[in-house]
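Participant: Read off the chains here:
2 protein chains.
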Amino acid sequence: MTALQSETRDDAHHVVVVGGGFGGLQAIKSLKGSGTRITLIDRRNHHLFQPLLYQAATTILAPSEIAWPLRHVLRSRPDVTTLMAKVMDVDTETRQVWLGDGTFVTYDTLILATGARHSYFGNDHWEEHAPGLKTLEDATKIRRRILAAFEAAEKCDDEVERRALLTFAVIGAGPTGVELAGIIAELAKRVLPRDFRRIDTREARVMLIEAGPRVLAGFPEELSSYAAKTLERLGVELRLGAKVTECHSDAVDIGLDSVPCHTIIWAAGVQASRAGKWIRADADKAGRVLVAPDLSVPERPEIFVIGDTAAVDRADGRPVPGVAPAAKQMGAHVAKVIKARLAGGTLPAPFAYKDMGNMATLGRRAAIADFGGYKMKGVLAWWIWGVAHIYFLIGTRSRAVVAWSWMWSYVTGQNSARIITQPEDGKPQ
Amino acid sequence: MTALQSETRDDAHHVVVVGGGFGGLQAIKSLKGSGTRITLIDRRNHHLFQPLLYQAATTILAPSEIAWPLRHVLRSRPDVTTLMAKVMDVDTETRQVWLGDGTFVTYDTLILATGARHSYFGNDHWEEHAPGLKTLEDATKIRRRILAAFEAAEKCDDEVERRALLTFAVIGAGPTGVELAGIIAELAKRVLPRDFRRIDTREARVMLIEAGPRVLAGFPEELSSYAAKTLERLGVELRLGAKVTECHSDAVDIGLDSVPCHTIIWAAGVQASRAGKWIRADADKAGRVLVAPDLSVPERPEIFVIGDTAAVDRADGRPVPGVAPAAKQMGAHVAKVIKARLAGGTLPAPFAYKDMGNMATLGRRAAIADFGGYKMKGVLAWWIWGVAHIYFLIGTRSRAVVAWSWMWSYVTGQNSARIITQPEDGKPQ
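For the protein sequence lines, the chains are A and B, in the order given. Numbered per full-length UniProt numbering, the first sequence spans residues 1 to 429. Numbered per full-length UniProt numbering, the second sequence spans residues 1 to 429.
Next up, chain A with everything else stripped away, as it sits in the complex (with noise of 0.2 Å):
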């Protein structure tokens, strides 16, 4: 129960940032030269590029290229320490941050930016039978659930059986959803075909699961289409106007239907971190706090909540959408909200969310992309993903790595990153 060392060397004002993901690394980009010293506090070492995730979890990527240490992507900013510890609590009173170990840390200023979760609407016992994907672990355990069901289908000598095995299920067709599934397709229908002698694996079910009327409700009615049509030429199997009433280890049961099915994969909600819970802060129906146009937390200026664990909505009415870039901005605008109060300056004007547009990739080849007026689809809109993610990758050497991957995975049809490892029991099977 004691304040950790450095606490007293320093009187300079100290920001903490707890959550070292898009979000609160640009709160500490922006915070530069602001003579502030940064804690940032992450129960993980590293900085995670999600919108690559699904990539690790289908073989494309493997984990190291699309994550980088905290502590490195820092190194060169010796105003920040890097801790890597799990909050538990927040006093607010005290401005003590404390943490998994018993220590604490005293704040001047705190910068909540723990994004979110996977949410299963009440159904939290789904979790087993049907994993989301937020993190590495999630993408290891997804990766690892494909590739041993096509194993365990090559040993199967019960028709029905393998069947079920070669069943996959994608819950939600948001751009995670959109993006396992065409992965998926793609592995069974042209990656692994040669790999197997008993089974054809372009034999697999891919289904795509989605409650709504269409695909990809996000983007506008045209490239929604164009994404369903590009996804049923992959093989994909839309079930759209589907609820999904139950998950099991070998079942999917929608509706009233069961199909059998060994792997379900869950694309379908969110919720936001529990740091709203370490505040008291009021919070909407997903656990995202509700913030000041500022995006501090009402009646503590001194506490600011960002990106995904934030409720912050357009001028329009609608809600900021929980991207990337949407993240960033919010701590670019905090890092200046900082900075002006310090220098006894004038204060921004309230958050306003830029919408930089929105892509979803179709398979290794095909991407829509929606920059407001401007509408793209297909080969072209693909490159430009694929440009657009390396450069906002971090660093030479994964730029360097992932373009790599991605041109052998194109020319050759080879995904790279197939190794299983860990398995779920501990054990090697």
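No lab work stands behind these hints: they were computed from the structure. Among these hints, one or two may not hold up.
The list treats identical chains as one, so a pair stands whether inside a single copy or across any two.
Here are the simulated BS3-like pairs of lysine-lysine, each with C-alpha atoms no more than 30 Å apart in a straight line [claimed, not checked]:
id : residue 1 : residue 2
1  : K336      : K229
2  : K32       : K375
3  : K243      : K86
4  : K29       : K189
5  : K32       : K377
6  : K86       : K229
7  : K229      : K29
8  : K189      : K285
9  : K141      : K86
10 : K32       : K189
11 : K134      : K189
12 : K377      : K86
13 : K134      : K354
14 : K86       : K189
Use these hints to put chain B onto chain A, whose structure you have.
Facilitator: Structure of chain B alone, referenced to chain A:
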């Protein structure tokens, strides 16, 4: 309890290979065109390039850079079926290999190539505190422990505890122990210092503990003493003639001393796999099956044992070492014997190991090499080691990626695979 479907499909001579390491894969390669039908059984889905495993454990390479799905390696061999399954037992009377799911595979010829695990010389309870390095999971675990120790030290405000967190013990100064200690020292002294704020990682203590009188006892004394000097220059503390008497979670006992230490790695001894027990064969103390001069099991000519699971002597009476070239030579040899038997031709001469020389790296810029009469050391030996290992990797993609990772590490001094995943308690810290 049913025979797998394809059992009855084909009446070609059926060779079952258990284990897709260097020996098993080489046997399959050399059996190409023999007219046999081959089934490869491995409990993992990948071939692992073990000579570079220490680099995956020490953040230089990512797991997928040194492992390849077995069925992908064998995709152009329609005569080979790959099964990911755990072997439970072998019925040598009915010639059945029994798998973990209750099915069996019947063989005409059986090749057991199941390798070795580490041995704690009767102190199996040490494994929890001092993991060995044989699998990708081992490598991930060791990498996690090393990185987590630095993370914990950065958070720790107790001087004594921090020193224990920054003490690393490698037990056993054979090639693996020497290679691990060298890279850990470099990690602490050169790669990590700029990333931490509260600790000076250069103060880390890396001990290499060896019961014998010198490091790398398999090499000539001259190279051995060069290696010792190079390790000391890298900052490794050599403890020769030192016997480990106990491993704890927070200390290692050497003789009557107890050294506070949170990270212990075991590189001191190996033991053959259980394959000898499946076939109830005579084995030596380390569990290695005593084979006939053609590598078959006495009185069971249809069963061969190769690689680290076989006890084979050289012409001069010294044992054949447990290295990749030896396993490969044995694999090629049994393929020759099987082909000669099937063709009814002259059987090949007894197996004779051809020593291709011996290499070990010392950190990232030096190595030693012993090619019989010709000895090398230093930077040039490192480059020869590097080129040789890239040559033996599988496929253009891996060669390019590993070469790139090494160049990157060499030029920038940074290691790229520094992500902590899957904490041991299953939950992120």
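Participant: Confirm or reject each hint.
Facilitator: Evaluated hints:
no.: 1; hint: K336 / K229; in the structure: neither (45 Å within a copy, 54 Å between copies)
no.: 2; hint: K32 / K375; in the structure: neither (37 Å within a copy, 53 Å between copies)
no.: 3; hint: K243 / K86; in the structure: neither (36 Å within a copy, 38 Å between copies)
no.: 4; hint: K29 / K189; in the structure: between (43 Å within a copy, 27 Å between copies)
no.: 5; hint: K32 / K377; in the structure: neither (39 Å within a copy, 47 Å between copies)
no.: 6; hint: K86 / K229; in the structure: neither (44 Å within a copy, 42 Å between copies)
no.: 7; hint: K229 / K29; in the structure: neither (42 Å within a copy, 43 Å between copies)
no.: 8; hint: K189 / K285; in the structure: neither (40 Å within a copy, 49 Å between copies)
no.: 9; hint: K141 / K86; in the structure: both (22 Å within a copy, 20 Å between copies)
no.: 10; hint: K32 / K189; in the structure: between (49 Å within a copy, 28 Å between copies)
no.: 11; hint: K134 / K189; in the structure: within (26 Å within a copy, 34 Å between copies)
no.: 12; hint: K377 / K86; in the structure: neither (42 Å within a copy, 46 Å between copies)
no.: 13; hint: K134 / K354; in the structure: within (24 Å within a copy, 51 Å between copies)
no.: 14; hint: K86 / K189; in the structure: between (42 Å within a copy, 28 Å between copies)
This entry does not satisfy hints 1, 2, 3, 5, 6, 7, 8, 12, going by the numbered hints stated previously.
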